[in-house]
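Given chain A's structure and the hints, the job is docking chain B onto it.
Protein chains in written order, with our numbering: chain A, 1 to 410; chain B, 1001 to 1410.
Source of the hints: derived by calculation from the structure; they are not laboratory data. If you're wondering where the values come from, they're calculated on a predicted model, not measured in any experiment. Accuracy of the hints is not assured; some may be wrong.
[What the hints assert, rightly or not] Capping the alpha-carbon separation at 27 Å, the derived lysine-lysine pairs in DSS-like fashion look like this:
1) K9/A to K1124/B
2) K1313/B to K124/A
3) K325/A to K183/A
4) K124/A to K1005/B
5) K9/A to K392/A
6) K96/A to K124/A
7) K207/A to K257/A
8) K1005/B to K356/A
9) K270/A to K207/A
10) K1356/B to K5/A
11) K1005/B to K120/A
12) K82/A to K54/A
13) K1089/B to K96/A
14) K96/A to K1313/B
15) K1387/B to K1325/B
16) K268/A to K1009/B
17) K21/A to K98/A
18) K1356/B to K124/A
19) K363/A to K1127/B
[Stated by the list, open to error] Under 8 Å between C-beta atoms, here's a sample of chain B residues computed to sit facing chain A:
20) Y1040
21) L1047
22) L1099
23) A1101
24) L1119
25) I1136
26) N1138
27) F1225
[Unchecked claim] To be clear about the criterion: a stretch of chain B counts as covered by chain A if any three or more of its residues have a C-beta under 8 Å from a C-beta of chain A, and this derived list gives those stretches:
28) 1006–1016
29) 1069–1077
30) 1122–1133
31) 1143–1156
Built from N, CA and C at the ideal position, the CB exists for glycine as well.
Protein chains: 2
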Amino acid sequence: MRFSKTFIKTLRNAPKDETAKNGILLTRAGYIYKELAGIYDYLPLGLRVIENIKSIIRDELGKIGCEEVSLSLLQNPELWEKTGRWDDKEVDIWFKTKLSAGGELGLAPTHEEPITSLLKSYVKSYKDLPLYVYQIQNKFRNELRAKSGILRGREFLMKDLYSFTATEEELNDFYSKVEIAYKNIFDRLGIGSDTFEAFASGGIFSKYSHEFQTVTEVGEDTVWFNKDNSLAFNDEVFNDEVLSEFNCKKEDFTAKKACEVGNIFKLKFKYSEPLDLKFMNQENQNQTVYMGCYGIGVSRLMGVIVEKFADEKGLIWPENVAPFKYHLVAIGENGEKEAEKIYEKNENLFFYDDRKSVRFGEKMSDAELMGIPYVVLVSDRLLAEGKIEITKRETNEKTLLTTDEFIAKL
Amino acid sequence: MRFSKTFIKTLRNAPKDETAKNGILLTRAGYIYKELAGIYDYLPLGLRVIENIKSIIRDELGKIGCEEVSLSLLQNPELWEKTGRWDDKEVDIWFKTKLSAGGELGLAPTHEEPITSLLKSYVKSYKDLPLYVYQIQNKFRNELRAKSGILRGREFLMKDLYSFTATEEELNDFYSKVEIAYKNIFDRLGIGSDTFEAFASGGIFSKYSHEFQTVTEVGEDTVWFNKDNSLAFNDEVFNDEVLSEFNCKKEDFTAKKACEVGNIFKLKFKYSEPLDLKFMNQENQNQTVYMGCYGIGVSRLMGVIVEKFADEKGLIWPENVAPFKYHLVAIGENGEKEAEKIYEKNENLFFYDDRKSVRFGEKMSDAELMGIPYVVLVSDRLLAEGKIEITKRETNEKTLLTTDEFIAKL
Chain A
1 MRFSKTFIKT LRNAPKDETA KNGILLTRAG YIYKELAGIY DYLPLGLRVI ENIKSIIRDE
61 LGKIGCEEVS LSLLQNPELW EKTGRWDDKE VDIWFKTKLS AGGELGLAPT HEEPITSLLK
121 SYVKSYKDLP LYVYQIQNKF RNELRAKSGI LRGREFLMKD LYSFTATEEE LNDFYSKVEI
181 AYKNIFDRLG IGSDTFEAFA SGGIFSKYSH EFQTVTEVGE DTVWFNKDNS LAFNDEVFND
241 EVLSEFNCKK EDFTAKKACE VGNIFKLKFK YSEPLDLKFM NQENQNQTVY MGCYGIGVSR
301 LMGVIVEKFA DEKGLIWPEN VAPFKYHLVA IGENGEKEAE KIYEKNENLF FYDDRKSVRF
361 GEKMSDAELM GIPYVVLVSD RLLAEGKIEI TKRETNEKTL LTTDEFIAKL
Chain B
1001 MRFSKTFIKT LRNAPKDETA KNGILLTRAG YIYKELAGIY DYLPLGLRVI ENIKSIIRDE
1061 LGKIGCEEVS LSLLQNPELW EKTGRWDDKE VDIWFKTKLS AGGELGLAPT HEEPITSLLK
1121 SYVKSYKDLP LYVYQIQNKF RNELRAKSGI LRGREFLMKD LYSFTATEEE LNDFYSKVEI
1181 AYKNIFDRLG IGSDTFEAFA SGGIFSKYSH EFQTVTEVGE DTVWFNKDNS LAFNDEVFND
1241 EVLSEFNCKK EDFTAKKACE VGNIFKLKFK YSEPLDLKFM NQENQNQTVY MGCYGIGVSR
1301 LMGVIVEKFA DEKGLIWPEN VAPFKYHLVA IGENGEKEAE KIYEKNENLF FYDDRKSVRF
1361 GEKMSDAELM GIPYVVLVSD RLLAEGKIEI TKRETNEKTL LTTDEFIAKL
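One chain only, chain A, in its complex shape (with noise of 0.2 Å):
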C-alpha cells in the first residue's frame, strides 16, 4: 500500500473525549475512526489488523472442526423471552428497535438464542451430533459509559462459538479442546506470555467458568494470581469456599489488573431446555443438547495489543497481526528509485511511504507511530554506501544491508 494513494493521514490529536491509549494511538496512526464513544470505524490498516486476527481465529478453529456462519443481527424477541433474556431487567444493555410493520426488534448483544432456535431445524438424533458452530460478527451492548476505547464498545466485533453435545463426557472434551485452540491464538497473536486462563463463576449448570485475562494495567477486571501464575481467579470467585477447594490460601495470592479477551463457558442446558433444543439417543428416547459457548473479543483484542505493546513513540505490532510487515520509507531521488524496485518485489510485504515533499523526520516519526514491525530506509545517503537500513520497531535494533541481500530475505 502506498502512502500517497491512501486518504489515511497520522493525526496530531486524537478526538478530545478520547482518553484511552489505545483510542489515541489508533487514531492518531490513522487505524480507526470515532463515530461517537464506543463506536468506531475500522480504516484501511486497521481493518487489516482486524483481518489478521480473524485468520489467525479462523485457522485455530478450523483445526477443532469448527465451522463458520453468519447469524443476524436484528433480533426476533420472542426467542429471547423464552430464556428470560429479553427483559431489560434482566439483561440491561438491549437496544431495541421497532418495526415499522409492527412489534419490536433487538440488536444481538449476544446469539445464544438464535443459533440454538437454528439447530432445531438440523439438530434430530444423536448421529447429528457433536456440532460446533462460530461465527465473526458485530455485537451491540448499549453501555452506561463507554471510555476505554475499543476495549469496551458499544459496536464491537466478536467471534462466538457454540458447542452441540450428546453428552457431558464429549462437552468436556471439546472444552479442553478449546482451552488449547485459545493458548494457540493468545500465542500466535504475541500475547500468549501474558494471558492467562482464570476461573470465573459458572452459572446454573457449571460450577465455574473459564476467563483467558490478558495482565494489562488499564484492565477491567481484577484477577488474582498465585506465585507461579499457575492458578488464578477472577475477583468474583476469589473467596475463602472456592479457595479451600483448590487448597489455597488467600495470602498465597496477588491481584493484578487485566483484561477479558476470552471466555468459554459450560452452558449444559442453560438455552438448550428453555429454547427445546433435543435429539433422540440410542435408545430411542428425547434428551436435551448439552451446550457450551466460547467467546473472543475480536476487536477488543486489537485494542489490548496496543496497550501491550505500545510505547511513548507509538503503536508496535506483533508481526502476525501487523497490517504490513515493513514499512518501507523512500529518501530522496535515488532513494525513490531503489524503494519503488524493492516495492514491487511484494507490495502485499510493505506500507510504501512514496510521499514527496515530506522530510525524512516527520516520515520517520509517523512509522515510529504507525507500529509496523519492521522500517526500512532507502535513502541517498545511505545509498551512497550500497546500503539500506532496517530497524525493528521494537526495539530500535538497526541492521545494514544491500538491496539484493534484503530482498533476498522476503
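What follows is chain B alone, placed relative to chain A:
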C-alpha cells in the same frame, strides 16, 4: 467439507411464509436460515457464496485503486440532520434506537453521511485527492413488507464505494472506470449477459444516474429496453422528454422485469456541501469536494444468481460463486475408499457427501438441490469398470473418467 461433519441438511420444506424461489431453495438446500421476514442467517455454504462474491468485488475494485474500510452500523443523528436525512418523513426506512446514556442512534441504511464526515479529518488540500473508499458492510432498512427472500432484506449486505475528487472531470473519469469494473464483476459472477446499465433519475446535481439491472421474472423493477438492449431506461425516466433527448421513441422499447444489482450516482455536492467537506485548491481557495457513490447489493446478488440459474431440481451455481467446485458422492465400500483418496487431494475443492446409510437416490437429489457445479459420483458399480462419473449440474452432461484422469484435472 464433509457432509457428515457439517450441521446443515437439506430440508423438505422452507418456512411457510417463504414465497420467493431464492428464499425457498436456499433454505431447503441449507444455505440460509430465516430469522424473520427479510432477516436471514448465512450458513456455512451460504457464507462461502457470499465470500466468493465479496472476493470478486474486492479484486475488481482494487484494480481501480479503491481502498477498504469498515464503518460503524450505529449512526450519529447529528450527521444525518445536516443533510436532512434523519427525518422519518425524508427517509422512511430508519431503524432507530435509544442510547441508555441519552439520545438516539440510527442503524445505517447507507453510509454517505459518515464517510463524508470522516474524510474531513483527512482531506485538506487538492494533494489529498482523488480518493476512492469502499466497504462491504451490513445495511438496515425498516421495510414495511419483505417477501422476496434475500432480494430485499431488512438487514442485508452491501458494497458501497464513494469517490472524492477535486474536479468534475475526475469524477466523470472515475465513474467510467466503475462502469467497467461493474461489468467485470457481473461477468465474473455469471450474470453479465443478463445485466444491463439503465438510465435512472439523477437527483439534484446530476441529470441521470445509472442502475445495473439484471433481467429476471422476479425483478421488482420495470426496465425499458430498445431492440438490441444497447439502451435501457428505468421506469422513472421513461418518458417523452427523456427519450427525445436520445432521439428515441417509446414504441421502440419493450418492458422487462429486472432486479437492481448495482447503481452508480454522481452526487457532486449533495453531501459534501451540507457536511462541509472542502479542500484547498491550487489557487489557495476553499472548494467543495466532488463526490460519487457506487453500490452493489452483495446478498441480493446471491438471490439474483439463484433466481437466474435454478431449475426445477434446485440451485445451480456459476463456478466462480459456487461454495465448492465439486460435489463428491461416495457409494459403496470401494466407492468410499476411492472418494477419500480423491477428497484428500484438495479438500478445498470438494463438498464431500461421505454420509453412511444415506441411499444413492437421496445423495443424488441432495446434490441436485445444492447446485454445486460438478457432481462426482464414485460408486462400487462404476469403479468395477474402472471409472468415476462427472455430471455437470447445469446441463446434466456426463463424463466417465478414471480416477487418475480426474485427479490430473484438479
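Checklist entry - Which of the numbered hints above does this structure break? => result Numbers 6, 8, 10, 12, 14, 17, 25, 27 - these are the hints that the structure violates, sorted from lowest upward.
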